[in-house]
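Chemist: Residue-level listing of the chains:
4 protein chains.
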Amino acid sequence: MAIVDVTVIPIGTETPSVSKYVAEIQELLHSYEGKITYQLTPMSTLIEGELPVLFDVIQAIHEVPFKHGLQRVATNIRIDDRRDKESTMARKVAAVQAHLSQTETEIEPVHHKE
Amino acid sequence: MAIVDVTVIPIGTETPSVSKYVAEIQELLHSYEGKITYQLTPMSTLIEGELPVLFDVIQAIHEVPFKHGLQRVATNIRIDDRRDKESTMARKVAAVQAHLSQTETEIEPVHHKE
Amino acid sequence: MAIVDVTVIPIGTETPSVSKYVAEIQELLHSYEGKITYQLTPMSTLIEGELPVLFDVIQAIHEVPFKHGLQRVATNIRIDDRRDKESTMARKVAAVQAHLSQTETEIEPVHHKE
Amino acid sequence: MAIVDVTVIPIGTETPSVSKYVAEIQELLHSYEGKITYQLTPMSTLIEGELPVLFDVIQAIHEVPFKHGLQRVATNIRIDDRRDKESTMARKVAAVQAHLSQTETEIEPVHHKE
Chain X
0 MAIVDVTVIP
10 IGTETPSVSK
20 YVAEIQELLH
30 SYEGKITYQL
40 TPMSTLIEGE
50 LPVLFDVIQA
60 IHEVPFKHGL
70 QRVATNIRID
80 DRRDKESTMA
90 RKVAAVQAHL
100 SQTETEIEPV
110 HHKE
Chain R
0 MAIVDVTVIP
10 IGTETPSVSK
20 YVAEIQELLH
30 SYEGKITYQL
40 TPMSTLIEGE
50 LPVLFDVIQA
60 IHEVPFKHGL
70 QRVATNIRID
80 DRRDKESTMA
90 RKVAAVQAHL
100 SQTETEIEPV
110 HHKE
Chain U
0 MAIVDVTVIP
10 IGTETPSVSK
20 YVAEIQELLH
30 SYEGKITYQL
40 TPMSTLIEGE
50 LPVLFDVIQA
60 IHEVPFKHGL
70 QRVATNIRID
80 DRRDKESTMA
90 RKVAAVQAHL
100 SQTETEIEPV
110 HHKE
Chain P
0 MAIVDVTVIP
10 IGTETPSVSK
20 YVAEIQELLH
30 SYEGKITYQL
40 TPMSTLIEGE
50 LPVLFDVIQA
60 IHEVPFKHGL
70 QRVATNIRID
80 DRRDKESTMA
90 RKVAAVQAHL
100 SQTETEIEPV
110 HHKE
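Protein chains in written order, with numbering that gives the first Met the number 0: chain X, 0 to 113; chain R, 0 to 113; chain U, 0 to 113; chain P, 0 to 113.
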């Protein structure tokens, strides 16, 4: 299991809005349900699943703007692949929150801005 | 107003876990409240605010692993800066969802996988 | 033909140096010669080829740190896929340089479409 | 000293070509000479310098498409900041090449620290 964070930027869109492409990507992701877990954030789409499946999914969503006649797409992908333990989107956030609540109950907080 | 999507990866950590650095970054972001809006996702931290403030904040969070004795940090930043209208994290997600609900009520859905 | 720009960051390396992994990735890329063109830059590896081949190559180089016992890898990929004309690494740089030399010979400096 | 790897993608350009913006960014970088070292690659611009200077430079080049009337810019930045030794663009590539030439002259292929 790995997690990928993907942005698909169509280039040459005439207008600054690209939300319709993002919406279509969400629909396409819907068709992969059962194989992947995904989540739309304000900046990208996060997808969790087996790495070979994720690569297939990324290729599929990268094609979306081309289907609408666009001629150039800039796709950006961050892969986080951890194999010492099952890492899921939910667990990653929980791990950070565990540190945060720990710090709050400790007498000495973390000193930033030193 | 712009939105940035930031990952701060400490290199040379001995273990694969980096959640304590992410947690400290969240605390540091907390100290900027009023100037920025931020959100932790499973893959990064999203921050919304005026661009010069965001650059200050990015510089500050990039320093976090160095304070703990690490010697190398790989920070990755995606900036989304839109100036034809006020673009916020909430509005961006709403724009995508508006397209999605439109598609659902239409007879002909978007055809992907052609 | 597309171009990808890839960084493979091993997490949990004990030391800040990761050049040995980068070197092994270059050797692995060497085994794909004929199918791809690649170039090491100080910040990443650029690879040019057919998109499905590039995805295979990315999967292969992403595995390199795991083969050495590392448990977490953060891979970052930028895809530039242009289909209105054959876009190669050489042509992209040439296109920028053409603009630059044009500007140098003109009396008036850069005024594009204002 | 740190190294940054920056792409500035204008969104809403009508055509897929963005080389004129990249060219103008190179000219702008030229005006920072003495403070930074920079290099155009087929996929991005690499800039080496003191981190606060680099942040100023990034802000400046991110503005380029807006000056030409564009309303949205997606800038992507990778920062590599290493403080245990002076890391320059030239030295990073040399470190990888040192590993490569070592491997070539050895009888046994790559076996790092298994």
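Derived by calculation from the structure, the hints in this document are not laboratory data. Wrong hints could be hidden among the right ones.
Unchecked claim - Derived pair list, reagent style BS3-like, types lysine-lysine, alpha-carbon separation capped at 30 Å:
{"hint": "1", "chain 1": "X", "residue 1": "K66", "chain 2": "U", "residue 2": "K66"}
{"hint": "2", "chain 1": "R", "residue 1": "K34", "chain 2": "R", "residue 2": "K84"}
{"hint": "3", "chain 1": "P", "residue 1": "K84", "chain 2": "U", "residue 2": "K66"}
{"hint": "4", "chain 1": "P", "residue 1": "K84", "chain 2": "R", "residue 2": "K84"}
{"hint": "5", "chain 1": "P", "residue 1": "K66", "chain 2": "U", "residue 2": "K84"}
{"hint": "6", "chain 1": "U", "residue 1": "K34", "chain 2": "U", "residue 2": "K66"}
{"hint": "7", "chain 1": "X", "residue 1": "K34", "chain 2": "X", "residue 2": "K84"}
{"hint": "8", "chain 1": "X", "residue 1": "K84", "chain 2": "U", "residue 2": "K66"}
{"hint": "9", "chain 1": "U", "residue 1": "K84", "chain 2": "X", "residue 2": "K34"}
{"hint": "10", "chain 1": "U", "residue 1": "K34", "chain 2": "X", "residue 2": "K66"}
{"hint": "11", "chain 1": "X", "residue 1": "K66", "chain 2": "R", "residue 2": "K84"}
{"hint": "12", "chain 1": "U", "residue 1": "K84", "chain 2": "U", "residue 2": "K34"}
{"hint": "13", "chain 1": "R", "residue 1": "K34", "chain 2": "X", "residue 2": "K84"}
{"hint": "14", "chain 1": "R", "residue 1": "K84", "chain 2": "P", "residue 2": "K34"}
{"hint": "15", "chain 1": "X", "residue 1": "K66", "chain 2": "X", "residue 2": "K34"}
{"hint": "16", "chain 1": "P", "residue 1": "K66", "chain 2": "R", "residue 2": "K66"}
{"hint": "17", "chain 1": "R", "residue 1": "K34", "chain 2": "P", "residue 2": "K84"}
Being a predicted model, the structure only gives us computed values, none of them experimental.
Chemist: Next step is simple, just say for each hint if it's right about the structure.
Modeler: Status of the hints after comparison with the structure:
Straight-line distance between C-alpha atoms of X/K66 and U/K66 comes to about 38 Å, which puts the hinted pair past the 30 Å bound. Distance restraint check for R/K34 and R/K84: the Cα-Cα separation of roughly 19 Å lies within the 30 Å cut-off, and the hinted pair is therefore satisfied. As the CA atoms of P/K84 and U/K66 are separated by approximately 27 Å, the hinted pair is consistent with the 30 Å bound. At most 30 Å may separate the alpha-carbon atoms for a hinted pair to count; P/K84 and R/K84 exceed this at roughly 45 Å.
A C-alpha spacing of about 27 Å is found between P/K66 and U/K84, which places the hinted pair at or below 30 Å, so the restraint holds. A hinted pair counts as satisfied when its Cα atoms are at most 30 Å apart, and U/K34 with U/K66 qualifies at roughly 24 Å. Distance hint between X/K34 and X/K84 is fulfilled; the C-alpha atoms sit about 19 Å from each other, no more than 30 Å. Distance hint between X/K84 and U/K66 is fulfilled; the C-alpha atoms sit about 17 Å from each other, no more than 30 Å.
For the hint pairing U/K84 with X/K34, the CA-to-CA distance comes to about 35 Å; that exceeds 30 Å, so the pair is violated. A threshold of 30 Å between alpha carbons decides the hint, and for U/K34 with X/K66 the separation of about 26 Å falls inside it, so the pair holds. About 27 Å separates the Cα atoms of X/K66 and R/K84, which keeps this hinted pair within 30 Å; it holds. Restraint check for U/K84 and U/K34: the C-alpha separation of about 19 Å stays at or below 30 Å, so the hint holds.
Our distance criterion of 30 Å between C-alpha atoms is broken by R/K34 and X/K84, whose separation comes to about 37 Å. With a C-alpha separation of about 35 Å, the suggested pairing of R/K84 with P/K34 is violated against the 30 Å cut-off. With a CA separation close to 24 Å, the supplied pair X/K66 and X/K34 stays within the 30 Å bound. Taken as a hint, the P/K66 and R/K66 pair is broken in the structure, with Cα atoms around 38 Å apart against an allowance of 30 Å.
At roughly 35 Å between alpha-carbon atoms, R/K34 and P/K84 are farther apart than 30 Å, so this suggested pair is violated.
Violation of the numbered hints given earlier is confined to hints 1, 4, 9, 13, 14, 16 and 17; the remaining hints are satisfied by the structure.
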